[in-house]
Every structure is written in structure tokens, then in C-alpha cells.
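J.: If you're matching them up, the sequences are chains A and B in order.
Those letters in the first sequence? Residues 7 to 263, by the working numbering.
Those letters in the second sequence? Residues 234 to 484, by the working numbering.
Calculated from the structure, these hints are not laboratory results.
If you're wondering where the values come from, they're calculated on a predicted model, not measured in any experiment.
Careful: at least some of the hints might be erroneous.
Quick partial rundown of chain A residues pointing at chain B, CB under 8 Å, derived from the structure [unchecked claim]:
(1) Ser-83
(2) Arg-214
(3) Val-249
(4) Met-252
(5) Ala-253
To give an idea of the interface, some chain A residues facing chain B are shown, with a C-beta separation under 10 Å as derived from the structure [said to hold, decoys possible]:
(6) Val-27
(7) Pro-66
(8) Leu-67
(9) Gly-69
(10) Thr-70
(11) Arg-84
(12) Arg-85
(13) Leu-97
(14) Trp-99
(15) Pro-109
(16) Gly-147
(17) His-203
All C-beta atoms in this analysis are idealised placements derived from N, C-alpha and C, irrespective of residue type, glycine included.
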Amino acid sequence: MPNAIEAQKLDVGYGGRQKAVKVLSGLDLTVAAGSFLSILGPSGCGKSTLLRVVADLLDPLDGTISVLGASPQTVRSRRDVGFVFQDSTLLPWRTVRDNVRLPLGVGQRSLSREIEDRSSELLELMGLGGLRERLPHQLSGGQRQRVAIARALLGEPKLLLMDEPFGALDEITRDRLNDELLTLWRRTGTTILFVTHSIAEAAYLGERVIVLAANPGRVVKDLDMRPLKQEGNRCKREDAAIVAAMAELRAALERAS
Amino acid sequence: MRPAPLTPQMAIALPVLGAASILIAWQYLLPLLGVPAYIVPTPTAIFGVFQKNFALLIDNLRPTLIEALAGFVIGNLAAVLLAVVFVHSRILQAAYFPIVLFFNTIPILALSPIIILIFGLGMTPKIVIAAVICFFPTLVNMIRGLDSASDSEHELFRVLSATRSEIFWALRLPRALPMLFSSLRIASATAVIGAIVGEWIGSDKGLGALIIQATFNYQSDRLYAAIVLSSSLSIALFCIVVLIERRVIRY
Numbered sequence: 007m008p009n010a011i012e013a014q015k016l017d018v019g020y021g022g023r024q025k026a027v028k029v030l031s032g033l034d035l036t037v038a039a040g041s042f043l044s045i046l047g048p049s050g051c052g053k054s055t056l057l058r059v060v061a062d063l064l065d066p067l068d069g070t071i072s073v074l075g076a077s078p079q080t081v082r083s084r085r086d087v088g089f090v091f092q093d094s095t096l097l098p099w100r101t102v103r104d105n106v107r108l109p110l111g112v113g114q115r116s117l118s119r120e121i122e123d124r125s126s127e128l129l130e131l132m133g134l135g136g137l138r139e140r141l142p143h144q145l146s147g148g149q150r151q152r153v154a155i156a157r158a159l160l161g162e163p164k165l166l167l168m169d170e171p172f173g174a175l176d177e178i179t180r181d182r183l184n185d186e187l188l189t190l191w192r193r194t195g196t197t198i199l200f201v202t203h204s205i206a207e208a209a210y211l212g213e214r215v216i217v218l219a220a221n222p223g224r225v226v227k228d229l230d231m232r233p234l235k236q237e238g239n240r241c242k243r244e245d246a247a248i249v250a251a252m253a254e255l256r257a258a259l260e261r262a263s
Numbered sequence: 234m235r236p237a238p239l240t241p242q243m244a245i246a247l248p249v250l251g252a253a254s255i256l257i258a259w260q261y262l263l264p265l266l267g268v269p270a271y272i273v274p275t276p277t278a279i280f281g282v283f284q285k286n287f288a289l290l291i292d293n294l295r296p297t298l299i300e301a302l303a304g305f306v307i308g309n310l311a312a313v314l315l316a317v318v319f320v321h322s323r324i325l326q327a328a329y330f331p332i333v334l335f336f337n338t339i340p341i342l343a344l345s346p347i348i349i350l351i352f353g354l355g356m357t358p359k360i361v362i363a364a365v366i367c368f369f370p371t372l373v374n375m376i377r378g379l380d381s382a383s384d385s386e387h388e389l390f391r392v393l394s395a396t397r398s399e400i401f402w403a404l405r406l407p408r409a410l411p412m413l414f415s416s417l418r419i420a421s422a423t424a425v426i427g428a429i430v431g432e433w434i435g436s437d438k439g440l441g442a443l444i445i446q447a448t449f450n451y452q453s454d455r456l457y458a459a460i461v462l463s464s465s466l467s468i469a470l471f472c473i474v475v476l477i478e479r480r481v482i483r484y
């Protein structure tokens, strides 16, 4: 199986090749298929930019990147990537069910009947079964993000990109959604890239945590969490090894800011 | 502290009482103050015109209604279509939007004689004037509405490899509807104004013509009745727009 992501000497910036403001510079990153990678970093370090390059929302200035063994553009047109945004980006005029089914209605590659039937299964799985006829403004913040995740999972993507999806939620809801996300990840085997501001969240979720520094963005810390956790990326938030890893990540983050 | 909201009964009763108090003052106070009936007729006299000259009023309402409705539909439709063209071609927008803007600064009263010169004396010039007066606010609102989807909404559709037309139907258009309806509400009143202005300048039929004739003949009760009727027409159009809006926009 090819790696989910292989990036070499990746330069990314805004404003044209000549006068570009570089957001990422010389970034090397390899992500194994099926893994869960947390990405930490100060504001402006290019965490979201990295996800946008992977999703083919942004072209790199220089360097190479392959996603699932192909170009980001190919992968996007095959609909192998799901994206969850910080604001849930639900369409306010569509019900919960119709928001989840949005990927069926658009895109050059129409999804099969089999996947269409998956929408109700996904709604049940995300605890949204009773809410399918609701409109987004009738939902709580946590419920909205659940809908956004269900929508991203509808096409059974091989790669799920999450840009601070739980950043605006209260801590209890966030913890609960973290556990639900891990359960989903174990069931689907999807590779997940998870951008967050929260050290605790990054350490709890990730099999591996990288810390990016700003100006320009580059990897300054790459921590393998698997030796600190049990089989299947399981741990308790208060495990001594996890707490120690969080301190290590915090130190790296402070140096990076 | 903010005052407590009115009960539903009071929320209906108070405006009715307010209007009634004005009408009663108008009916009894103005004659007492010596205001002659040929300047301000009493409400009962105006109501009398509706009984006496009902056929005349309806005959003149009909052309105004047709002109205002046709102008409303044509003007708004043209504005929506042009907005769609503009948001899909920044080049066309940059080239022609300033001209539209300039056109909009010409007072409708100055433009009307030209329109009548071009289209003659039938209903057509009135429809054109009503359409022109509706056009600009809808164009501006519709452009803003079609551009109002957020960056992440556009990114979502790009991740899904949506085509331009899918983005239009599933994202841009529904996003634009609230702004479209707010300009349609305004247009429901201005379309009637446009039709009446057109009738002033060159017509012997319609509420506008009736207003002019009644003014010249000092038939002030008839003049006021025509005014009440044209305002009722605007209110009716406005209510239709609001009813449709409530059905279309549920969020």
C-alpha cells in the first residue's frame, strides 16, 4: 500500500511565485496509510495550508507531493478525500439528511446506490438518527460538527482532512466527539490528518503528532505516540506517559511560537 | 431594561386603534379647522367614491396592475439574469457595471419622456419604466447575494469536484435568495410607482392618468380614492412577495 502522503521540499505561499509570502518552506512529510496524524502549531504556521495543498485547494509553489500514490488533483477528482472545516459549513437551507447527502448531488463522479443507502446508516452511527429532518440552525455546535463529519464520510474517503473541527466546542462535547472519531477511525481504516490548537487533543487522538513552526512553516517536532499507547491507539487522557508527551509537545510549541 | 413585548392581542389592537384615531381626527377635526373639502376630503367622502365610481376605479386599476406586474417581472428577471452573467464573468462586470451605475443615476422622471418617445403611448412604455425602476436594486442585491457564499463553502464544493453549474444551483443561488427577496419587497412598491409615473406623462388610462385628471378637475375625493387604490396595489404586491418568501426560505 502506498503512503497516504509523501511530500518533499514543499514550498507553499500566497501571492504568485515571484513575490510570494511563504507559508510552508521545504516541508518534508511522510504519512503512512491508515494512520492518525495530529498537527499542532502556532497560528499562521501553515497547518490549514498543508491540508489545503493535500486536498488540491491550493497549488504548491515548489517541491513534490503525492497523495495516496497520485497527484492531489487526481485524488480529489476520484473523491478519495473528505474535508471537515472548523465552521461546520452546513448549508442552512438543507435538512441534516440533505446536508449529509450533498456529495451525492454534486461532483463529476456520481456515487453509487450503495453509498446512498449509507447516509441513513451514517446518521445513526453519528447519533443523528432523530434529527434528520432538522435544519442546521436547530442544532447545537456539537451536532453540527457530527453532521459535517457524516457528510465527509459519505463517499468513504481514504483520507480525511480535519481543520480544527472541534475548536469551537465546549470541552465535554469535544472529548465525547474525540472518542467517537477514534471509534470511526478504527472501524473505517481511513487515514486522518487532524489539525488542532489543543495539545491535549493532539496527544489523545494522534498515533503521531507533528509540531509546525511559523515563518515559514516547517516540522520542528515529530513525536511517535504509539509506544505510549495501547493496541489500537487507545489511552487514557491522564496516563502519565500521555501527560509527559503533552509537556514535551508544549515545550516544542513554545519554542516554535 | 428592555420593555416587555406586547401580547398578541395588543400587537394587533394598537395599530388598528392608531389608524382609527387618525381617521376620526381627519373626519371631524379638519372640517372644524376650516380645511375645505376640495383640498382634503373627509374619509367618508373618499369611501363614497368607491361606492359611486367603483367601475371607473376598477377600469383604471386594471392597466396599472398589468403594467406594474409586467414591469416587476421583467425588470427583476433581467436584473437576476444580468447578475448571473456578472458573477460568472468578472471581465463583463468590470466593463459594464459602471454603465449600469451611470444609467441608474438618471432620474426616472427624466428618463420617462425618452422611453415614451421610443415606445409610444400604449402600455409598453409604462411597463418599461416600471421594469427600469425595479432593475437596479435587484441587480446590486443579486450580485452581492450570489457572491455571499463563504470561502469554506466554496472549498467544500471544490473538494467534491462540483461543476460551475452545480455550484450555482446548490450554493450560490440558495445563498442569494434572502437578498433577492429583500429587493423584491422594495420592488413591489417601486413597480407601482413606475407604472403611475409612466401614466402621468402620457396616458388617458390607469391610476396615474386618473390622478392627473382628478387633480386638474378639482375632484379631490376621486384623487384621494385613486391614491388609496394605488397604495393598496403596492401593499397587495408586497404581501404576495412576503408569502412566497416565507414558503421558499425556511431557515
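J.: Among all the numbered hints in the text so far, which are the ones the structure does not match?
T.: 2, 3, 4, 5, 6, 7, 8, 9, 10, 16, 17
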